[in-house]
Amino acid sequence: MNMPFYVAPEQVMKDRADYARKGIARGRSLVAFRFEHGIAICAENTSSTLRKVSEIYDRIAFAGVGKYNEFDQLRIAGVRHADMKGYAFSREDVDARSLANQYAQSLGQIFTHEMKPMEVEILVAEIGHAADGADDQLFHILYDGTVVDEDMAVVLGGETEAISERLGTFEPGVTLADGLQRAVHALAGPDRTLEPASLEVAVLERGEQRRAFRRLFDPEIAELIAG
Amino acid sequence: MNLPLFRVQDDPGPDFSQLLRRSGFAPPASPGGLAPEDYRHGTTCVAIRYADGVLMAGDRRATSGHLISQRTMEKVFPADRHSGVAIAGAAGPAIEMVKLFQLQLEHYEKVEGTALSLDGKANQLSQMIRSNLPMAMQGMAVLPLFAGFDLSRQEGRLYEFDITGGRYEEADHASTGSGSLHAGTVVKLGYSSDMSIDRVIDLAIEALFEAADEDSATGGPDLIRGIYPVVATITADGYNRIGDSDLAERTQALIERRRGG
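Protein chains in written order, with our numbering: chain X, -14 to 212; chain B, 220 to 480.
Calculated from the structure, these hints are not laboratory results.
Hints should not be assumed to be uniformly reliable.
Only pairs whose alpha carbons sit at most 20 Å apart, straight line, appear in this in silico SDA-like list of lysine to any residue [what the hints assert, rightly or not]: (1) B/Lys318 to X/Lys101; (2) B/Lys318 to X/Tyr72; (3) B/Lys318 to X/Ser32; (4) B/Lys318 to X/Glu77; (5) X/Lys101 to B/Arg241; (6) X/Lys70 to B/Arg290; (7) X/Lys70 to B/Gln321; (8) X/Lys70 to B/Gln237; (9) X/Lys70 to B/Leu408; (10) X/Lys70 to B/Arg240; (11) X/Lys70 to B/Pro233; (12) X/Lys70 to B/Leu322; (13) B/Lys318 to X/Gln194; (14) X/Lys70 to X/Lys52; (15) X/Lys70 to B/Ser242; (16) B/Lys318 to X/Arg195; (17) X/Lys7 to X/Arg196; (18) X/Lys70 to B/Leu224; (19) X/Lys101 to X/Ala(-7); (20) X/Lys52 to B/Val227; (21) X/Lys70 to B/Met220; (22) X/Lys101 to X/Arg11; (23) X/Lys70 to B/Glu328; (24) B/Lys318 to X/Asp78; (25) B/Lys318 to B/Asp299; (26) X/Lys101 to X/Gln90; (27) X/Lys70 to B/Asn342; (28) X/Lys52 to B/Asp299; (29) X/Lys52 to B/Leu224; (30) X/Lys70 to B/Pro353; (31) X/Lys52 to X/Arg196; (32) X/Lys52 to X/Ser32; (33) X/Lys101 to B/Phe225; (34) X/Lys52 to B/Arg241; (35) X/Lys70 to B/Asp234; (36) X/Lys(-1) to X/Asn(-13); (37) B/Lys318 to X/Arg196; (38) X/Lys101 to B/Leu322.
Using the sequences and the hints given, assemble the complete structure.
Dropping the structure here:
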């Protein structure tokens, strides 16, 4: 009778986590931070059509790093979840926390039960209704379903430690230009500069309009990072 | 509500109605024969094309049989940033249809990353009207107007529909609902292709005023309660609803003209 090799569960989990982390580290990173009028997400992305940052709902945005087809699948599932929830109940009942939990459940399930874990890290950002941004939220979800409720700024992707160190700590009330300059500097590192064409930037901005998500295009990005 | 993840071959794509079906939201059950007084009816709407885009306007009355059931109903809605939809017919299914239509356009835009073309939007609405045909056969017809600013052609366009989902693009103006005959005639007689926006708004108000004068199911301006038609323009800058104070002034001016003052 054939006996399967015994592999300790710790080893299985470690191997899977290493596999996912390696996949994520291959891609480019992104930074999200809270600024005076909302939340900004700045990703290093040379493609202007394959997006890393997108709109989920009126006040909710999504960002992903790692394997494009996998986080895009999660993005579409998020749009569907939000739109169906808004249809079945009301627009104001759609919130980032429940969506983040759903993502965490799915990613956790896939991490333990599927052949391979998803090689992604995602961010669900939501701006609240308080004028000072007191109830803005950043949920950082890892490949294994771990959810982290981040405070002022967060880095997703590979080399997070080095980027976080360059980014420093964010205080409330940062302007968009200031925050974006710091984010771009942190993503670029000491040895290179990032041009607007290789950046993808979008904001969730408090204002009159129902849909708070807005993409920034190259001329506007150039103006902001030039200071 | 769980996260809707599908296998590749079952994926509903950017279609929101299809997603609802896949996720077990049952389509509305078709009821037995209902009398007109059992449900609410909305009536007259017009759409007029002008140089900068299109204008849509609708009265505010809903009726149940011979009773007025609502004085402040809205029948003109933004469908998305550059298009609008105006409804006439059974109010319940019509409002549900508008809600689904708005969601459908936004859903497509978010999933695909680009908005549908104006023809694509009109086609979507067509399919929704067609799927309402069983209800329409029992008297609960929904007959919308669809109008928008076509960003690729840089001009306003408008569409009429019939209950089978037939879609007919009109060149200059369109009307729907029980007062559409009267409203449409006023627009037809007053129309010229080089009208200013002021003239177009006045023409729409006048058309609804005349329709209300002749048709019991169309509500006229209510000066006592301060209820005026919903009037909106759709141009390159998007959907914009005209404020009530502006409409009040224009209505007052129309009344003065009628008095011969």
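Hints, verified against the model:
The straight-line distance between the Cα atoms of B/Lys318 and X/Lys101 is roughly 40 Å, outside the 20 Å bound, and the hint therefore fails. As the CA atoms of B/Lys318 and X/Tyr72 are separated by approximately 8 Å, the hinted pair is consistent with the 20 Å bound. For the suggested pair B/Lys318 and X/Ser32, the alpha carbons sit about 34 Å apart, so the restraint of at most 20 Å is broken. Our distance criterion of 20 Å between C-alpha atoms is met by B/Lys318 and X/Glu77, whose separation comes to about 15 Å.
Between X/Lys101 and B/Arg241 the CA atoms are separated by roughly 27 Å; this puts the pair beyond 20 Å, and the hint is violated. With a CA separation close to 31 Å, the supplied pair X/Lys70 and B/Arg290 exceeds the 20 Å bound. Distance check on the hinted pair: X/Lys70 and B/Gln321 sit about 15 Å apart at the alpha-carbon level, within 20 Å; holds. Distance check on the hinted pair: X/Lys70 and B/Gln237 sit about 15 Å apart at the alpha-carbon level, within 20 Å; holds.
Under the criterion of a C-alpha separation no larger than 20 Å, the hint pairing X/Lys70 with B/Leu408 is inconsistent with the structure, at around 47 Å. Between X/Lys70 and B/Arg240 the alpha-carbon distance is near 14 Å, which keeps this suggested pair within the 20 Å criterion. This hinted pair checks out: X/Lys70 and B/Pro233 have alpha carbons roughly 16 Å apart, not beyond 20 Å. Restraint check for X/Lys70 and B/Leu322: the C-alpha separation of about 12 Å stays at or below 20 Å, so the hint holds.
For the suggested pair B/Lys318 and X/Gln194, the alpha carbons sit about 18 Å apart, so the restraint of at most 20 Å is met. The hinted pair formed by X/Lys70 and X/Lys52 fails the criterion: a straight-line CA distance of about 27 Å is larger than 20 Å. Between X/Lys70 and B/Ser242 the alpha-carbon distance is near 11 Å, which keeps this suggested pair within the 20 Å criterion. Distance hint between B/Lys318 and X/Arg195 is fulfilled; the C-alpha atoms sit about 15 Å from each other, no more than 20 Å.
Taken as a hint, the X/Lys7 and X/Arg196 pair is broken in the structure, with Cα atoms around 36 Å apart against an allowance of 20 Å. The hinted pair formed by X/Lys70 and B/Leu224 meets the criterion: a straight-line CA distance of about 15 Å does not exceed 20 Å. This hinted pair checks out: X/Lys101 and X/Ala(-7) have alpha carbons roughly 17 Å apart, not beyond 20 Å. Straight-line distance between C-alpha atoms of X/Lys52 and B/Val227 comes to about 17 Å, which keeps the hinted pair within the 20 Å bound.
Between X/Lys70 and B/Met220, the direct Cα distance comes to roughly 7 Å. Compliance with the 20 Å bound is thereby established for this hinted pair. The straight-line distance between the Cα atoms of X/Lys101 and X/Arg11 is roughly 17 Å, inside the 20 Å bound, and the hint therefore holds. Taking the CA atoms of X/Lys70 and B/Glu328, the gap is about 17 Å. The hint holds against a cut of 20 Å. The suggested pairing of B/Lys318 with X/Asp78 holds, with an alpha-carbon distance near 16 Å, which does not exceed 20 Å.
Simply put, B/Lys318 and B/Asp299 have alpha-carbon atoms about 11 Å apart, close enough for the 20 Å limit, and the pair holds. Between X/Lys101 and X/Gln90 the CA atoms are separated by roughly 16 Å; this keeps the pair inside 20 Å, and the hint holds. For the hint pairing X/Lys70 with B/Asn342, the CA-to-CA distance comes to about 25 Å; that exceeds 20 Å, so the pair is violated. Taken as a hint, the X/Lys52 and B/Asp299 pair is broken in the structure, with Cα atoms around 32 Å apart against an allowance of 20 Å.
Between X/Lys52 and B/Leu224, the direct Cα distance comes to roughly 17 Å. Compliance with the 20 Å bound is thereby established for this hinted pair. Straight-line distance between C-alpha atoms of X/Lys70 and B/Pro353 comes to about 27 Å, which puts the hinted pair past the 20 Å bound. Distance hint between X/Lys52 and X/Arg196 is unfulfilled; the C-alpha atoms sit about 28 Å from each other, more than 20 Å. Taking the CA atoms of X/Lys52 and X/Ser32, the gap is about 14 Å. The hint holds against a cut of 20 Å.
Of the supplied pair hints, the one linking X/Lys101 and B/Phe225 holds, its CA atoms being roughly 17 Å apart against a limit of 20 Å. For the hint pairing X/Lys52 with B/Arg241, the CA-to-CA distance comes to about 27 Å; that exceeds 20 Å, so the pair is violated. With a C-alpha separation of about 16 Å, the suggested pairing of X/Lys70 with B/Asp234 holds against the 20 Å cut-off. Between X/Lys(-1) and X/Asn(-13) the CA atoms are separated by roughly 26 Å; this puts the pair beyond 20 Å, and the hint is violated.
A hinted pair counts as satisfied when its Cα atoms are at most 20 Å apart, and B/Lys318 with X/Arg196 qualifies at roughly 16 Å. Between X/Lys101 and B/Leu322 the CA atoms are separated by roughly 35 Å; this puts the pair beyond 20 Å, and the hint is violated.
Consistency note: the structure conflicts with the earlier hints numbered 1, 3, 5, 6, 9, 14, 17, 27, 28, 30, 31, 34, 36 and 38.
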